[in-house]
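Engineer: Protein sequences, first through last, are from chains V and C.
So the number in the working numbering is just where the residue sits in the first sequence, counting from 1, plus 1433.
So the number in the working numbering is just where the residue sits in the second sequence, counting from 1, plus 2.
Careful: at least some of the hints might be erroneous.
Pairwise CB distance ranges, derived in the manner of DEER restraints [to be verified]:
#1 V:V1776 with C:R172: 42 to 50 angstroms
#2 C:V177 with V:L1638: 31 to 39 angstroms
#3 V:G1456 with C:A8: 29 to 37 angstroms
#4 V:N1489 with C:A198: 55 to 63 angstroms
#5 V:M1465 with C:F89: 47 to 55 angstroms
#6 C:V67 with V:A1459: 34 to 42 angstroms
#7 V:N1489 with C:L157: 33 to 41 angstroms
#8 C:V166 with V:V1743: 32 to 40 angstroms
#9 C:T140 with V:K1505: 41 to 49 angstroms
#10 V:L1638 with C:G202: 54 to 62 angstroms
Treat the hints as calculated values from the structure; they're not laboratory data.
Where a beta carbon is used, it is the ideal one built from N, C-alpha and C, also for glycine.
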Amino acid sequence: MTALFQTWGLPFAWASFASMLIGILAIALPLMLAVAMIIYVDRKIWAAMALRRGPNVVGPWGLLQSFADGLKVFLQETIIPSAANKGLFLLAPIITFTVALIVWAVIPFAPGVVLADINIGLLYILAASSIGVYGVIIAGWASNSKYPFYSALRAAAQMVSYEVSIGFVLISVVLWTGSFNMSAIIEGQRAHVFGFLNGYGFNPLLFPMAVVFFISALAETARAPFDLTEAESELVAGYQTEYSSMAFALYWLGEYANVILMCGLNAILFWGGWLPPIDWAPLYMVPGIVWFFAKLFAFFFVFSWVKATVPRYRYDQLMRLGWKIFLPLSLFWVVLVSGWLEVTRYGVFG
Amino acid sequence: MIQTIAFYLFATLVIASAVLTIVARNPVHSVLWLILAFFNAAGLMILVGAEFIAMLLVIVYVGAVAVLFLFVVMMLDIDFAELRSGFATYLPFGVLLVLVLAAEMIFAVGAWQAGGIDMASRVAPTPEGVSNIEAIGTLLYTRYLYIFEGAGLVLLVALIGAIVLTHRVRGGVKVQNVSAQNMRRPEDATRNVKPAVGQGVEL
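Chain V extracted, bound-state conformation:
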């Protein structure tokens, strides 16, 4: 892309800037569309499991429901509570939304199709997702209202707790691959198990980590059954209580963008990303991007399924799961995986 702009007579700096801008738009705009559609899908799946119809009025099969909601929210009045800390109150949803977008820079959609193929891709994702919690904390504090504040405290503790086990899970994947680069992690899974299964998840040693990662991803995105930050029976709407109009919409967009991202991360880290599940030549006829989105959507279906069927955790149970089960388990697994690699790959005695 940069080379194309250079042939049009632009200097290198401007050409790379322009191609970067186009790359960002090519990810961010479809992402927003995907978020709108995935909200619709989420509601449809949820409805089907509850034997309801779900959105079916706006557009054919209710397909335009999310856009109608978006338009409604856009036309609403932005209400800022008079006791709120105005600057921070408006800054918080912007942080959530921005962070949810910037993470996508390192996600590889197909071989070579990635905005920034940096060698610390996984660390970048960890860093960006650890900033995401500020959107919630700042919202809770700046609203100057008790339910959002409780929600903010819960969110802070919850995200910090589950980031620890996510970190250890990622370490075991990185140990196996030997790289933080997302594309290298996917390539490392080619014919990983028995010489024909693509994906670390098929490896019995890493499968428990895939499960831990999936559950931690639910907790990290505050989806049911871990949606204690917006538990409507206890905290009204949690940190979003005082928000209205576009500020509220930014939270929704950011939240669902994060959910899609976590589904994509599950697919990339453990189930081979753009690779077909089996290393068999005819399967490679299907473009990588189709495999990636098929896996992503399969995980999203499970996310919705869990939301529709599993009751919400109590807060102490959430903390117990994070600190007393996942942390020791994933820590032990890091030792196990590194020990296994030391013996089989590097030869501890030789």
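Following the hints, put chain C in place on chain V, whose structure we already have.
Structural biologist: Frame of chain V, contents of chain C only:
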């Protein structure tokens, strides 16, 4: 050119947000300015090519340490009058600190200008063709192994110390024993009886 602009942007923002951390009246605002300072420091790290350190700075300081800071500070009951009342008492100590710091800085600049230290070997610490992470890893786990493990031990001791100091066992607290609950079968709690009519059940 763009590096220079980026450097001065990040450097200015670090200093500005550091100043605002001290000046801000509201402790929560102070912590938020501090986070901005961390962030821009990470930007400076990326500029010198230490992207691993930059990411660690964001993950550890912004993602964990500052969250806990914010967590604690948010719950403070802020009394602005009380915050400022200690000013006179702490003034002499503060002035002393400022003098020491200023003296050290002047000393350091003087020493640097005197020359003699080979700075060139420190500008590009990463060997050619080796990524940042690998370079740090090889140094940490070979040359500085004992120091690294020692640091780990110090952290472990601090961790245990913190738990010992703050943990207190309160009597009379009902704690849920999840494994006992999960182990419980219907047979342990219920009994299937067929009482004859008019006789009832012996409990």
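Engineer: Look at each hint and say if it fits the structure.
Structural biologist: Tested hints:
| no. | hint | result |
| --- | --- | --- |
| 1 | V:V1776 with C:R172: 42 to 50 angstroms | holds (46 angstroms) |
| 2 | C:V177 with V:L1638: 31 to 39 angstroms | holds (34 angstroms) |
| 3 | V:G1456 with C:A8: 29 to 37 angstroms | violated (20 angstroms) |
| 4 | V:N1489 with C:A198: 55 to 63 angstroms | holds (58 angstroms) |
| 5 | V:M1465 with C:F89: 47 to 55 angstroms | holds (50 angstroms) |
| 6 | C:V67 with V:A1459: 34 to 42 angstroms | holds (36 angstroms) |
| 7 | V:N1489 with C:L157: 33 to 41 angstroms | violated (57 angstroms) |
| 8 | C:V166 with V:V1743: 32 to 40 angstroms | holds (37 angstroms) |
| 9 | C:T140 with V:K1505: 41 to 49 angstroms | violated (57 angstroms) |
| 10 | V:L1638 with C:G202: 54 to 62 angstroms | holds (59 angstroms) |
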